[in-house]
Amino acid sequence: MAPLVSLLVILLTVSLAESKTFWGDVAALKEFKNSVDTNSMTPGSCLSSWDFTLDPCDNLSGETFTCGFSCDAVVSGSGRVTELILDQAGYSGSLTSVSFNFPYLQTLELSGNYFSGPLPHSLSNLTRLTGLFLSANSFSGSIPASLGSMPLLEELLLDNNILNGSVPTSFNRLSRLKRLEIQQNKISGELPDLSPLENLNYLDASDNRISGPVPSSLPGSLAQISMRNNLMEGTLPESFRNLTSLEVIDLSHNKLNGSIPSFIFTHHPTPQQLTLSFNGFTSIDSPRYYSPSGLPSELISVDLSYNQIRGPLPLFMGLLPKLSALSLENNSFSVFGERKTDQNNGKIIRRFLQVVPRRH
Numbered sequence: 001m002a003p004l005v006s007l008l009v010i011l012l013t014v015s016l017a018e019s020k021t022f023w024g025d026v027a028a029l030k031e032f033k034n035s036v037d038t039n040s041m042t043p044g045s046c047l048s049s050w051d052f053t054l055d056p057c058d059n060l061s062g063e064t065f066t067c068g069f070s071c072d073a074v075v076s077g078s079g080r081v082t083e084l085i086l087d088q089a090g091y092s093g094s095l096t097s098v099s100f101n102f103p104y105l106q107t108l109e110l111s112g113n114y115f116s117g118p119l120p121h122s123l124s125n126l127t128r129l130t131g132l133f134l135s136a137n138s139f140s141g142s143i144p145a146s147l148g149s150m151p152l153l154e155e156l157l158l159d160n161n162i163l164n165g166s167v168p169t170s171f172n173r174l175s176r177l178k179r180l181e182i183q184q185n186k187i188s189g190e191l192p193d194l195s196p197l198e199n200l201n202y203l204d205a206s207d208n209r210i211s212g213p214v215p216s217s218l219p220g221s222l223a224q225i226s227m228r229n230n231l232m233e234g235t236l237p238e239s240f241r242n243l244t245s246l247e248v249i250d251l252s253h254n255k256l257n258g259s260i261p262s263f264i265f266t267h268h269p270t271p272q273q274l275t276l277s278f279n280g281f282t283s284i285d286s287p288r289y290y291s292p293s294g295l296p297s298e299l300i301s302v303d304l305s306y307n308q309i310r311g312p313l314p315l316f317m318g319l320l321p322k323l324s325a326l327s328l329e330n331n332s333f334s335v336f337g338e339r340k341t342d343q344n345n346g347k348i349i350r351r352f353l354q355v356v357p358r359r360h
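In full-length UniProt numbering, the protein residues as written are 1 to 360.
Hints are computed from structural coordinates only; laboratory data are not their basis.
Computed from a predicted model, the values in this text were never measured in an experiment.
It is possible that part of the hints are untrue.
[What the hints assert, rightly or not] Below, computed lysine to any residue pairings styled on SDA-like, alpha-carbon distance capped at 20 Å:
#1 Lys255 <-> Lys178
#2 Lys255 <-> Ile300
#3 Lys30 <-> Ile85
#4 Lys255 <-> His267
#5 Lys322 <-> Lys255
#6 Lys255 <-> Pro287
#7 Lys322 <-> Pro287
#8 Lys33 <-> Gly77
#9 Lys178 <-> Ser138
#10 Lys33 <-> Cys46
#11 Lys255 <-> Gly189
#12 Lys30 <-> Asn59
#13 Lys30 <-> Thr66
#14 Lys33 <-> Ser45
#15 Lys20 <-> Thr82
#16 Lys33 <-> Val74
#17 Lys30 <-> Glu83
#18 Lys33 <-> Ser138
#19 Lys322 <-> Glu238
#20 Lys20 <-> Gln88
#21 Lys186 <-> Ala145
#22 Lys322 <-> Asn229
#23 Lys255 <-> Ser188
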């Protein structure tokens with residue numbers, strides 16, 4: 001009996017020595033494939049080529065394992081799965097029971113398929129993950145707070161799903177996050193304090209049910225914020241003055257109201273694109289002092305259409321040196337609130353009329 005046991009040990013040792021893929025990663029790949037509906041693995045798709053009678057990392061890009069993941073010999077020469085990137089082949093199924101036991105995974109890309117059910121809490125096992133891309137699936141339920149426990153995450157894309165509930169406060173622990181996309185869901189409530197995310201430069205939370213005021217706790221690194229088509233109220237917070245990297249603001253199709261503060265037009269540096277259309281703003285604050293020679297501003301495009309703004313046209317916008325597109329239609333402006341006889345004012349009016357589109 002002892003010789004037989006010894007032989008089995010020797011065979012197992014040889015098998016492991018010849019395998020280029022760490023056994024735990026092989027098991028995790030098998031578990032992941034088994035969670036996908038068999039009928040959705042069409043011929044020619046990545047998952048249909050995964051044949052576990054062969055070593056995954058050793059046969060990558062061959063006739064088997066044609067695509068879907070990448071390997072790297074990161075520990076003792078063993079191949080570890082570092083990327084799991086599926087094709088958009090229409091895969092379906094629930095991933096709730098998947099353990100995601102890939103300790104060296106850096107990228108998980110499942111976008112453009114039909115995965116459904118709740119987002120698995122086990123995603124937080126991917127502690128080395130830098131990119132999580134789950135866009136355009138049918139994931140539902142709330143966003144797990146455990147996603148805030150991924151210390152290296154730089155890109156998080158959960159857009160175009162059916163997610164609901166609020167954004168977890170744990171997201172403010174994602175200190176390396178650069179891009180956050182949660183648009184086209186059913187997310188509600190207010191956004192948490194995101195000011196600790198000192199690397200965040202892109203935020204898209206459009207087409208949800210987010211309510212309350214415009215977020216005032218945002219990081220100074222933010223370059224683009226899009227929160228159109230939500231339920232937010234109030235006006236632009238004073239804290240937007242501190243967003244010195246901001247280039248694009250789109251808060252259209254909300255319930256914003258009151259007066260649009262003047263600093264958003266002239267506080268240097270200003271954004272390049274400002275879209276506040278389809279809200280309930282009633283007035284525009286003009287700068288107290290400005291020279292006819294121009295105003296400090298980087299604005300190129302301003303859209304204030306479809307509000308309830310009354311009073312004189314904001315002629316000071318004619319002094320914004322880079323402004324080339326200005327949309328003010330469907331408001332209740334009076335024609336000119338200042339005397340046309342002033343020479344400087346006449347120049348401002350002419351410049352203003354240059355950037356307002358003519359109606360044909």
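> Among all the numbered hints in the text so far, which are the ones the structure does not match?
Replying inline: As far as the earlier hints go, 1, 2, 4, 5, 6, 8, 9, 16, 19, 20, 22 are violated by this structure, in ascending order.
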